[in-house]
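A.B. asks: Residues per chain are reported as follows:
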Amino acid sequence: MKVISRLAGLLLLCTVLPLNAVVETYEFTDETNRERYHQFVDELRCPKCQNQNLAGSDSPIAQDLRRELHRLLEDGRSDREVVDYMVQRYGDFILYRPRFNAETAVLWFAPGVFLLTGAVTIILIFRRQKNKQVVAVDDSPLNEEEQKRLQELLAKDDVNA
Amino acid sequence: MVQRFKLFLPLAIFAIVAGLFYVMMNRIDEGEYNPQTLPSALINKPFPSFAMPQLEQLDKTVIQADLLGEISIVNVWATWCPSCHVEHSYLNYLASERNVVIYGVNYKDESDAAQKWLQEKGNPYRLNIFDKDGKLGLDLGVTGAPETYMLDHRGFVRLRYQGPLNEAVWQEKFQPLIEQLQQEQQAFLQSAVNWPQAGVQG
Numbered sequence: 101m102k103v104i105s106r107l108a109g110l111l112l113l114c115t116v117l118p119l120n121a122v123v124e125t126y127e128f129t130d131e132t133n134r135e136r137y138h139q140f141v142d143e144l145r146c147p148k149c150q151n152q153n154l155a156g157s158d159s160p161i162a163q164d165l166r167r168e169l170h171r172l173l174e175d176g177r178s179d180r181e182v183v184d185y186m187v188q189r190y191g192d193f194i195l196y197r198p199r200f201n202a203e204t205a206v207l208w209f210a211p212g213v214f215l216l217t218g219a220v221t222i223i224l225i226f227r228r229q230k231n232k233q234v235v236a237v238d239d240s241p242l243n244e245e246e247q248k249r250l251q252e253l254l255a256k257d258d259v260n261a
Numbered sequence: 035m036v037q038r039f040k041l042f043l044p045l046a047i048f049a050i051v052a053g054l055f056y057v058m059m060n061r062i063d064e065g066e067y068n069p070q071t072l073p074s075a076l077i078n079k080p081f082p083s084f085a086m087p088q089l090e091q092l093d094k095t096v097i098q099a100d101l102l103g104e105i106s107i108v109n110v111w112a113t114w115c116p117s118c119h120v121e122h123s124y125l126n127y128l129a130s131e132r133n134v135v136i137y138g139v140n141y142k143d144e145s146d147a148a149q150k151w152l153q154e155k156g157n158p159y160r161l162n163i164f165d166k167d168g169k170l171g172l173d174l175g176v177t178g179a180p181e182t183y184m185l186d187h188r189g190f191v192r193l194r195y196q197g198p199l200n201e202a203v204w205q206e207k208f209q210p211l212i213e214q215l216q217q218e219q220q221a222f223l224q225s226a227v228n229w230p231q232a233g234v235q236g
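If you're matching them up, the sequences are chains E and H in order.
In this text, residue positions in the first sequence follow my numbering: the first is 101, and each later residue adds one.
In this text, residue positions in the second sequence follow my numbering: the first is 35, and each later residue adds one.
A few of these clues could be false.
As a list, the in silico DSSO-like pairs of lysine-lysine whose alpha-carbon atoms are at most 30 Å apart [what the hints assert, rightly or not]:
| id | chain 1 | residue 1 | chain 2 | residue 2 |
| --- | --- | --- | --- | --- |
| 1 | E | Lys148 | H | Lys79 |
| 2 | H | Lys207 | E | Lys148 |
| 3 | E | Lys148 | H | Lys169 |
| 4 | H | Lys150 | E | Lys148 |
| 5 | H | Lys166 | E | Lys148 |
| 6 | H | Lys79 | H | Lys94 |
Which bits of chain H does chain E cover? Going by a derived footprint, with three or more residues having C-beta under 8 Å, they are [what the hints assert, rightly or not]:
| id | segment |
| --- | --- |
| 7 | 67-76 |
| 8 | 119-126 |
| 9 | 161-172 |
Keep in mind that the hints were calculated from the coordinates and are not lab data.
Think of the CB as a built atom: it goes at the ideal place given N, C-alpha and C, for glycine as much as any other residue.
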């Protein structure tokens, strides 16, 4: 019993309680705006903390940006306008889903290029192994000449022993 | 033989990556590169327009035009910001000894505390914009205090520096730019003087 409760205690230590840094709540006129808001705070990056999105950051600048985002959405701005507003102030950096342009092309293409390189490598390796197997496996019975040579070799071996 | 070399491929890749990390860490240590520093989206764009109370006289409104016409720096500060304490005496020095025009943006602060700060520590600013909600800060793309922007004579943002100013930073980033901006200003004034003549000749 003691063991079980200890194990349970250890397990409890291992769990991570979901911590939500967002403290303020906003009222929305309609459900779509609420969904858009959550989508945006997920995909916009906090300029101060760098590796957090707006939803996960409690820095003052993230609070300001969430307030602005709420205002823009309630003003009836389109997604495009919201993104432009953010990029005008903080550059492409603020977008976790970067727009496609010359500077971000590498970001967009790199995964595809890596995937392709990997696939080609694997195909090449498999092909080579297949070829090797074809050479190695030759299980046709020995012909007369081969039989003779085998006997000779075995006899030689016997003499040596 | 080729097979032999292939065995060492992972080691070679590891060595290259480790070398890269080492170089980057060195650059961070020496202050050449800071992952926290972001390129400002405002570079070579006009300082954003605004209308906000002046910290020294809260019933007075400051607008964008009040900052234009001279090469200047705009310093974003707040009493809650520890690095701003460190930076303040250097700003005093810049204003009094080097005649640098400094405008302040008092960022997300309490006006009482900020006014007291200026009385106690000295006021290097020509004027202070009281940005209580961080609206102007947002338009500037401020990520925190202190931050310093350099404006040319047209009021275009030419440099953004994140972090406290000191002599080393000033000599490395600001001084060369000031000299360049002064030349640009001279060239502009010259062309303005020559303009009617050029018009007649053309």
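A.B. asks: Looking back at the numbered hints, which does the structure fail to meet, lowest number first?
C.D. replies: 8
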